[in-house]
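Asker: Heads up: the protein sequence lines correspond to chains F and P, in order. The letter at position 331 of the first sequence is residue 975 when you use my numbering, and the numbering goes up by one with no holes. The letter at position 48 of the second sequence is residue 50 when you use my numbering, and the numbering goes up by one with no holes.
List time: in silico PhoX-like cross-link candidates among lysine-lysine, alpha-carbon distance up to 20 angstroms:
hint, chain 1, residue 1, chain 2, residue 2
1, F, Lys809, P, Lys126
2, P, Lys68, P, Lys139
3, F, Lys1064, F, Lys1038
4, F, Lys986, P, Lys61
5, F, Lys806, P, Lys129
6, F, Lys809, P, Lys129
7, F, Lys1098, F, Lys1068
8, F, Lys651, F, Lys897
Note that these hints are calculated values from the structure, not bench results.
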Amino acid sequence: MLEKFKKEWLTAPGTNILAGVVVALALIPEAIAFSIIAGVDPMVGLYASFLIAVIISFVGGRPAMISAATGAIALLIVPLVNDYGVDYLLAATILMGVIQLVFGLLKVGKLMKFIPNSVMIGFVNALAIMIFMSQIEHIFGISIDSYVYVIATLFIVYVFPKFIKKVPAPLIALVVLTGVYIIFGSNVGTVGDLGTIERSLPSFFIPDVPFTMETLMIILPYSLSMAVVGLVESLLTARIVDNATDTYSSKNKESRGQGIANFITGFFGGMGGCAMIGQSIINVRSGATTRLSTFTAGVFLMFLIIVLGDWVVQIPMPILAGIMVMVAIGTFDWNSFKYIAKAPRTDSFVMLITVTIVLFTHNLAIGVIVGVIFSALFFATKISKVDVHLEEMKNTITLSFEGQIFFASIDTTLEQIDFKKYEKPVQLDFSKAHLWDDSAVDAIDTIVRKFEEKGNIVHIRELNTDSRKIVKELSQLNEQHLT
Amino acid sequence: MYKSILLAADGSENSIRAAEETLNFINEETEVTILNVIDPTDSKNDVLHSGPSESIMHKRKEKLSKIINLYETNNISYTIQYEHGVPNETVVAFANKGHYQLVVLGNRGLNSLQEMVMGSVSHKVAKRSEIPVMIVK
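Isolated chain F, as found in the complex:
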């Protein structure tokens, strides 16, 4: 226990604290921008990032992973905030936490392996496109100055990292260009136009919503979507950090941790969040391996806001828009084009349908669910192909079955058999087949019965052990059929 604590908190503390500081600097512009996407005060995202990072550093399953306010969740809650206001968002965040905690306790983390790569690629691409689209209103058709700030931001975030490695480039863009704005002024919107910054720690309060069934029915669909999207992104990120560090982490513990973090965050005025791919990679690349870096990221972010809060309202919006464009480009999976060309057609289709559904519904959760359903259907179709060969032997007619026999493949199996009177005894050879369920056993019964009705003698051969077991348990056939 103590060993584990030491390893997860105290290994290379210096490197981990520094990595946490770097992440905090990179988190600030994103937390503000995601708040603006959601349509809430910047504090709602900043408090969320502080609280989620700090809480998850204790209860999360994946050391060195960064969780905070995210674009994926922000994009989901736009209509809720728009129609009902921020208190409903906080209530939805609390319920999201409860749902994730329950999912974690039910070990839903294991279900993640049923989300194929094609759906995951669709997920990140849809997320990237949605983040980009959310910025269009902050970039185009405002003023010439706006374009200049966006271009300057993009220049800084893409060119500066080649020369200055220690400080995240988005923060350089933020500080330098906000400085330019404060000194010279300019015709652009600022963060202050869209909300206020409070230079204080978050405090506990219960969201001001009526405690009625009606409220529950309003927030429940949002909470469910938030819970699903939060877990999908968090567990994907956990796998990426696992890969980047060659270590394994508990996905169920992470699910429970996400639930606890969101549950508490909702009571302190923060919006829901989840793990962040980009930030976690920044963290690991900076040498982070422990929970201390995640903890530091949250605390240092809050410290900076309390110290520098008055400057934050002066940040020109187009800088944040430029940074979001960078986030969108970084989130997109640029190997997708190669993937569409090379992957099996059904996989490419699932990826594209996931993206399309998200862009139509503005809901990543629906995209993931539809994607999983499609890939399951394709999979079922693929494996439900059964071949039946008829061969005339010296003393018998042999029908050999090849494939997976289960509820979905029975019709195609039966269609291939010509039930008539044969001159010789009929042998059913299952050496290359597997029976999976009671429907399969029923089907065998049916085949035998139909042959016998025509006056044939039927024997079943070479059932494998599993198949023989379910036939013994479920079938009405008697021993003499099984040879």
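Since chain F is already given, all that's left is putting chain P on it; use the hints.
Answerer: Below, chain P without anything else, positioned relative to chain F:
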């Protein structure tokens, strides 16, 4: 002859050329350590585009297969080390803390503009390594 050298290799053409070059100054008594640095930035791609972690490990090994074959056919004893981190920093740290007499790496062959934009691993290693560095062009 060198007793122990470090070969930083990512499996690219240049790293294979570097491996071929080492044959000119090593023999059966030389211990070669092949260092493959895994950049966290690649992990997103790894996870999205390959299956379970075993197959990712397999892919990493496959990338180095030409170099492994080269050493096997020439009876050179080698070990493979995988390290996670930013490539140039990781190579430098690894070279400086071990007991290697030489670090060998390939050069991507970028022109000066590309080098300015993309950064050159070999340049940085050459600058900060405390042991002799050989850059194979």
